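One line per chain: the protein sequences are A and F, in this order.
Residues in the first sequence are numbered from 14 upward in steps of one, following the working numbering.
Residues in the second sequence are numbered from 14 upward in steps of one, following the working numbering.
Since the hints were made in silico from the structure, they are not lab data.
Please read these numbers as outputs of a predicted model, since none were measured by experiment.
Fair warning: there could be bad hints in the mix.
No copy labels: a pair is met if it fits in one copy or bridges any two.
As the list claims (entries may be wrong) - Distance condition first, Cα-Cα at most 20 Å in a straight line; then the derived EDC-like pairs of lysine to aspartate or glutamate: (1) 216 - 116; (2) 91 - 287; (3) 343 - 309; (4) 61 - 158; (5) 145 - 41; (6) 112 - 158; (7) 68 - 328; (8) 112 - 102; (9) 247 - 213; (10) 199 - 416; (11) 447 - 466; (12) 108 - 86; (13) 447 - 72; (14) 247 - 184; (15) 137 - 346; (16) 145 - 335; (17) 28 - 72; (18) 112 - 86; (19) 71 - 335; (20) 46 - 113; (21) 216 - 195; (22) 61 - 72; (23) 338 - 258; (24) 71 - 334; (25) 71 - 322; (26) 71 - 60.
There are 2 protein chains.
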Amino acid sequence: MKNEKITSRDVDFGKWYTDVVKAAHLADYSSVKGCIIFEPNGYALWEKMQQVLDKMFKETGHCNVYLPLLIPETLLAKESELVAGFAPEVAWVTKGGDKELEERLCIRPTSETLFSDYYHTVVKSYRDLPLKYNQWCSVLRWEKETRPFLRSREFLWQEGHTVHETREEAEAETKQMLAIYERFFKEYLAIPAITGRKTEKEKFAGAEYTLTVEALMYNGIALQSATSHYFGDKFARAYDISFKDRNNQQAYCYQTSWGSSTRMIGGLIMVHSDDNGLVLPPKIAPTQVVLIPIGDSEAVIDATHEIADMLQKNDISIKIDDSNKSPGFKFAEAEVNGIPLRIEIGPRDLDNHKVTVVRRDTREKASYDYDEKLVTVVRDLLEKMQQDMYEKALARRNSLTFEAHTLEEVETIMNKHPGFIKAMWCGDLACEMKMKEIRGTKSRCILEEKAIDDHCVVCGKKAKHLVMWGIQY
Amino acid sequence: MKNEKITSRDVDFGKWYTDVVKAAHLADYSSVKGCIIFEPNGYALWEKMQQVLDKMFKETGHCNVYLPLLIPETLLAKESELVAGFAPEVAWVTKGGDKELEERLCIRPTSETLFSDYYHTVVKSYRDLPLKYNQWCSVLRWEKETRPFLRSREFLWQEGHTVHETREEAEAETKQMLAIYERFFKEYLAIPAITGRKTEKEKFAGAEYTLTVEALMYNGIALQSATSHYFGDKFARAYDISFKDRNNQQAYCYQTSWGSSTRMIGGLIMVHSDDNGLVLPPKIAPTQVVLIPIGDSEAVIDATHEIADMLQKNDISIKIDDSNKSPGFKFAEAEVNGIPLRIEIGPRDLDNHKVTVVRRDTREKASYDYDEKLVTVVRDLLEKMQQDMYEKALARRNSLTFEAHTLEEVETIMNKHPGFIKAMWCGDLACEMKMKEIRGTKSRCILEEKAIDDHCVVCGKKAKHLVMWGIQY
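Chain A extracted, bound-state conformation (with noise of 0.2 Å):
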């Protein structure tokens, strides 16, 4: 039985992933403009997220900071090729209070700049170093677009900001972030994604690079899903971030910055869900297991509190829906919300000792003994789920990953079904404009990976990379 909510995402991809966004309590509008209200459901993934990435952040030495939302345009100005990246997509203040400013604030699109200045302030020595900070927070950008999750002008997201002695104390770092970012889609949501370098053109404005992870959705589309950047001394010279280093003698510090944001909500949609709602890998799911009594009869409203007792005692998070609600409706509910398993409890299984116990993904059902034992099967069941949705996700990128030779090929490809390309390049900026010009692909990033050719799938002249294509959202 379909969810009447949701529209196929075969037949309308936009359409049933704003369903899904609806359906399940995710996300809503709101009366202003471009922005979004982050509803219960789609606020606690980002919990989970956090807590996750948070923690990762923290076990390599990083701290949390809180730094101001407004940014004067002075200080934004002092970085030309960023304040030229951002420029054109802030929200000004203009106005405290009844009194006209002196100089207008923009709300942080990103805080490079502020860091920059507060790092100006606080590094004098080599001893001072590295300073490793994060900050969770929101920032603005003035889209013209509305997508909840993909899109929006206020969004949720961290940003890490770091300083440090030597270039290659700053290069390991923005390594290290992008290899935590992969394994945080790897382990936690399930996504096989991509990572590499941005080209030039890609690269976050005021780099000297960008690391990236790229998530192929469902669709096809690309999900640009982190990033981590390398940027030398660059905003150390435009910020006067300067120390006595071991010589003694005055230097420059090197920085990085890194972050993830809740589009990492739309990326993990746009890959597992289904025609019946969200579907959520167990270990980014804030409630694991949902846990629905048939009938208020004793034995069943005890059976469930033991059931449930067992399990949160062994760390899995679980709802009891008690309501006055039918079962189908709740069995319903829990399918549309993406809660990994559930498990009904009727008089009729009790009798035999039994439970019933349905996973989200496959919507398979089974019957198992209801004693100790339960627990190791629910387990198994998580571990069993997490693992067999990252194999389906990779196997469904797979299927639509491909290798062009030549720019008619990318054309074949892209108009029978988008997907990742992997084709040579030149390293000309012309040529990347050309492959735009199908369908808007786009280089997702440079691969590390072994040439397939020795010319540039566009002008034919020598390659120099091979880089990862796609369409992007």
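We have chain A already, so just place chain F on it with the hints.
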């Protein structure tokens, strides 16, 4: 030995406060006027507060959400008292990208309007109620002066917003949240707060009434520390939040809101800290124990790690300071940062199977056996310290709480040393304003205690309420 970076608390309390904030790396001023930087130690305290409060909120059935940062002017204007209360102190966004906006947007000073607008769209039936939402975010108020944590243009807070079917349920929620704050202050912050209802003059703009948690700082100045508001159906009428009730009639909802902020960090400092820096109650300290190895002999290093493991396994948060600094420097640093216990692990002590433990609050130093019982010793010391800090704060508060029966008595008390003053009040605004002439004395809250007199302390007419008065931050 006194910390040289810190002005004595009894010499200049204001200077002492900012010295502690800076020396303990809690916050720093930023280049953005009126905004502060929450540095790692300050933000870690906020994270710990969030963790505890968030758990309390969730245990009482609240969910987290996130609503937009920006509020369109027309939406703000719908509730006239609220807009009158906040309009003079909001920041206005008038430009997005290169374009002048058709309608200006303010940065949220609080989110009653946005929540009400959202509830208007989602509440249809009594079956949808209650909705008990909370959000963690930053808010902005265009303040003129800046004092880290106490007053700044931007600060971090949580704001709960709930909507209910009945008046009774909403009022019970208002009371429940006040009780949660009071418990948090007592059990975690070790602050004996008083609670009660605000007068009409001091209540939140737009509320039917406001309940408040008021704390007394070491210097006798009062700090409004958390508030819980009951709105009746005022916002429901202004924003049309109505629903089909159990009799199938259209009815208005009843609402509450309640909030606490990074201002609590200021309170924590001003109640407990001393001339050597921060003093933190163990239950809110991000790091409870610092282990300082003396020298680098294998025995010392091994013992340090063994003790660290032992404590961590028992959920005691620790930090090892094995940096190159001298032991004396490390001791001073642990002290200024307010880490509750410091364990010194030295070679001579170890030869006698001993370690030295120093309490931050009393600076008592004692030698304990280095064996498996050390965990119990540490746990007991932490508990004792938590208790002692509360008792000490309570004694201080009591010694600065007075009763007054005439205006002259109020004047004499406040001129000698500010504090809390219990005095009767007739309920007239004129008398409240008259009190204010005495060094800015304001009503903190109406107490639910037995009357101490039958006449108003100001006008001598029949008294209605026993009020706690104080000079506020």
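Comparing the hints with the structure gives:
1. 216 - 116: neither (30 Å within a copy, 34 Å between copies)
2. 91 - 287: neither (47 Å within a copy, 41 Å between copies)
3. 343 - 309: Intra 15 Å, inter 62 Å, cutoff 20 Å: intra-copy only.
4. 61 - 158: Intra 27 Å, inter 37 Å, cutoff 20 Å: neither.
5. 145 - 41: between (35 Å within a copy, 17 Å between copies)
6. 112 - 158: For residue 112 and residue 158, the Cα distance is within 20 Å only across copies (16 Å; inside one copy 32 Å).
7. 68 - 328: This pair counts as both: shortest intra-copy Cα distance 17 Å, inter-copy 16 Å.
8. 112 - 102: So residue 112 and residue 102 pass the 20 Å test across copies only (10 Å; inside, 24 Å).
9. 247 - 213: within (16 Å within a copy, 56 Å between copies)
10. 199 - 416: Close neither inside one copy (24 Å) nor across copies (65 Å); limit 20 Å.
11. 447 - 466: within (19 Å within a copy, 88 Å between copies)
12. 108 - 86: Cα proximity of residue 108 and residue 86: in one copy and across copies (14 Å, 13 Å).
13. 447 - 72: neither (44 Å within a copy, 57 Å between copies)
14. 247 - 184: within (14 Å within a copy, 57 Å between copies)
15. 137 - 346: between (57 Å within a copy, 19 Å between copies)
16. 145 - 335: between (46 Å within a copy, 19 Å between copies)
17. 28 - 72: Neither: 40 Å inside a chain and 36 Å across chains, both beyond 20 Å.
18. 112 - 86: Both. Shortest intra-copy (17 Å) and inter-copy (16 Å) distances satisfy the 20 Å Cα cut-off.
19. 71 - 335: So residue 71 and residue 335 pass the 20 Å test across copies only (18 Å; inside, 38 Å).
20. 46 - 113: This pair counts as between: shortest inter-copy Cα distance 15 Å, intra-copy 24 Å.
21. 216 - 195: Answer is within: at 18 Å inside a copy they meet the 20 Å cutoff, but 50 Å across does not.
22. 61 - 72: Both: 17 Å inside a copy, 17 Å across copies.
23. 338 - 258: between (68 Å within a copy, 18 Å between copies)
24. 71 - 334: between (35 Å within a copy, 17 Å between copies)
25. 71 - 322: between (31 Å within a copy, 18 Å between copies)
26. 71 - 60: both (16 Å within a copy, 13 Å between copies)
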